[in-house]
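Top line first, the protein sequences correspond to chains A and B.
Once you know that position 364 of the first sequence is 364 in my numbering, the rest is easy, because the numbers rise by one and skip nothing.
Once you know that position 39 of the second sequence is 39 in my numbering, the rest is easy, because the numbers rise by one and skip nothing.
Do not take every clue at face value.
Dumping the calculated EDC-like pairs for lysine to aspartate or glutamate here, alpha-carbon to alpha-carbon at most 16 Å [as the list claims (entries may be wrong)]:
hint, chain 1, residue 1, chain 2, residue 2
1, A, Lys-3, A, Glu-300
2, A, Lys-3, A, Glu-169
3, B, Lys-48, A, Asp-321
4, A, Lys-299, A, Asp-106
5, A, Lys-212, A, Glu-66
6, A, Lys-208, A, Glu-364
7, A, Lys-36, A, Glu-172
8, A, Lys-208, A, Glu-66
9, A, Lys-36, A, Glu-138
10, A, Lys-332, B, Asp-63
11, A, Lys-299, B, Asp-63
12, B, Lys-23, A, Glu-300
13, A, Lys-109, A, Asp-321
14, B, Lys-27, A, Glu-300
15, B, Lys-24, A, Glu-172
16, A, Lys-208, A, Glu-138
17, A, Lys-3, A, Glu-66
Simulated from the structure, these hints should not be mistaken for lab results.
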Amino acid sequence: MVKEHISGWQFYLLTVNYALGTAFFIRPGSVISSTKQDGWIIPLVAGAFAIVIACLWLLLSNANPELSIVQIALAAAGKPIGGLIAIVYIWYFIQTASWVTRNLGDFMKTILMPNTPISVFHIMFLVIACYAVIRGVETIARTSEFLTPFVLLVLFVIYISALNEWNWERFEPMFQASFMKLIKDSAPVIGFPYLETVTIMMLAPYVKTRLKSSLLLGLATATLLLSGIVFVTIGVLGAARSSHLLYPLYTIVEELRIAEFIEHLESTIVIVWLIWIFLKLCIAYYCAVEGIRQLFQMKERTWIAIPLVLLISGIAISLNDNVVENIDWDRKYIFAYSCLFGIVLPLLLLVLSWIRQRTRKGKEASP
Amino acid sequence: MIRFILLFSLAFAGVIVFFIHRKKTIKDVIVFVVLSLFSLIIWIDIMKEHHFNPNLWISWMFDWVGF
Chain A
1 MVKEHISGWQ FYLLTVNYAL GTAFFIRPGS VISSTKQDGW IIPLVAGAFA
51 IVIACLWLLL SNANPELSIV QIALAAAGKP IGGLIAIVYI WYFIQTASWV
101 TRNLGDFMKT ILMPNTPISV FHIMFLVIAC YAVIRGVETI ARTSEFLTPF
151 VLLVLFVIYI SALNEWNWER FEPMFQASFM KLIKDSAPVI GFPYLETVTI
201 MMLAPYVKTR LKSSLLLGLA TATLLLSGIV FVTIGVLGAA RSSHLLYPLY
251 TIVEELRIAE FIEHLESTIV IVWLIWIFLK LCIAYYCAVE GIRQLFQMKE
301 RTWIAIPLVL LISGIAISLN DNVVENIDWD RKYIFAYSCL FGIVLPLLLL
351 VLSWIRQRTR KGKEASP
Chain B
1 MIRFILLFSL AFAGVIVFFI HRKKTIKDVI VFVVLSLFSL IIWIDIMKEH
51 HFNPNLWISW MFDWVGF
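Please take these sequences and the hints and turn them into a complete structure.
Here you go:
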């Protein structure tokens, strides 16, 4: 198999798109519902924490250059235990891909096409993602490079157009949340989307230059955009109204009127979200396939990617019965669950890598 | 469910024949078979309305540990 490469800029865009993919639409409602008009601070707190954690991932990558997490697990912990850690990570990538697919299905079914079975959206989207995954990381990176300017342009237009409805009084009384409440409310946001971004470290071996700056700047950009959209949502809809909405950004765009005759622009935001979901799904799917390929030292991706279409679509249906169950799981468990993959396992692998390096140096030094 | 199983079996048999024809390695075949069978089990589970819910297991485990 030909060694693939992506540039630092492409990795930066992949990081931004992966971190924002589904969170941009799902997170504002839950953040505003927990912290009300101070909700825009939550992504900033969570983002700052995520950048510190990303330094841990970079340390791990530095200690094992040219290796992905699955390969690091195998190299640092040996085949039996490392293999188990690798399987756990592969499961996490498959689960993340299923979550993303389910988010797409829930959105399409509740908002746009209530009479279509949810699995139709899942399978249609997964088949296209499967093709992208088979083509490789370079194709996914180029797709992201090609589509991101359109996504950002649409969002910029929406941000500017929504300013007509802006009211500063909706932020009053400001800074009411205590420091402890901010920390407590940040926990689910740290779990999703920030700690989930550990998945992107599977792509680290393909990055030619500027891995560190791309990852850290990508997370910082995602944080600013996420905080920005929460800020705009509060300013336009108000905390009371947005905290009851599942997709507040969709409502903003639905009610948007430009120059008295351009209205009902919701289809544009649907396209933006479909692009983001597609990119996030492609990355999570690719990481799952690459993880399996690296674990079993296989040459081809095709015959791993094809059965995963059925597996991911099946798990996506099984994950929860409805959106409310999903929100409840997110509120209670997402932080602890993501900590396992974003903090505990990388820390364990880092310690094991250091021990292995010291043992090797000791052996080389001894005559 | 029977139609799904029939369709799955046909596609599965087709791929296996393709693998034999192309002389794929045994590792490729095993990984494909295992992933396909996992998918089949999950879909049969869904069709029998007896969902395998990983989130439920994970949340039960966290509650049991005491997080």
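Comparing the hints with the structure gives:
Of the supplied pair hints, the one linking A:Lys-3 and A:Glu-300 holds, its CA atoms being roughly 13 Å apart against a limit of 16 Å. For the hint pairing A:Lys-3 with A:Glu-169, the CA-to-CA distance comes to about 55 Å; that exceeds 16 Å, so the pair is violated. Simply put, B:Lys-48 and A:Asp-321 have alpha-carbon atoms about 15 Å apart, close enough for the 16 Å limit, and the pair holds. Straight-line distance between C-alpha atoms of A:Lys-299 and A:Asp-106 comes to about 36 Å, which puts the hinted pair past the 16 Å bound.
For the hint pairing A:Lys-212 with A:Glu-66, the CA-to-CA distance comes to about 14 Å; that is within 16 Å, so the pair holds. Taken as a hint, the A:Lys-208 and A:Glu-364 pair is broken in the structure, with Cα atoms around 30 Å apart against an allowance of 16 Å. For the suggested pair A:Lys-36 and A:Glu-172, the alpha carbons sit about 10 Å apart, so the restraint of at most 16 Å is met. Simply put, A:Lys-208 and A:Glu-66 have alpha-carbon atoms about 10 Å apart, close enough for the 16 Å limit, and the pair holds.
For the hint pairing A:Lys-36 with A:Glu-138, the CA-to-CA distance comes to about 41 Å; that exceeds 16 Å, so the pair is violated. Restraint check for A:Lys-332 and B:Asp-63: the C-alpha separation of about 10 Å stays at or below 16 Å, so the hint holds. About 41 Å separates the Cα atoms of A:Lys-299 and B:Asp-63, which puts this hinted pair outside 16 Å; it is violated. Our distance criterion of 16 Å between C-alpha atoms is met by B:Lys-23 and A:Glu-300, whose separation comes to about 14 Å.
Simply put, A:Lys-109 and A:Asp-321 have alpha-carbon atoms about 13 Å apart, close enough for the 16 Å limit, and the pair holds. Using a Cα cut-off of 16 Å, the hinted pair B:Lys-27 and A:Glu-300 holds, with the two alpha carbons roughly 11 Å apart. Only pairs whose Cα atoms come within 16 Å are accepted, and B:Lys-24 paired with A:Glu-172 is rejected, the gap being roughly 66 Å. Between A:Lys-208 and A:Glu-138 the CA atoms are separated by roughly 12 Å; this keeps the pair inside 16 Å, and the hint holds.
Proposed proximity of A:Lys-3 and A:Glu-66 is supported: the alpha carbons are some 11 Å apart, at most 16 Å.
Checked against the numbered hints above, the structure violates hints 2, 4, 6, 9, 11 and 15; every other hint is satisfied.
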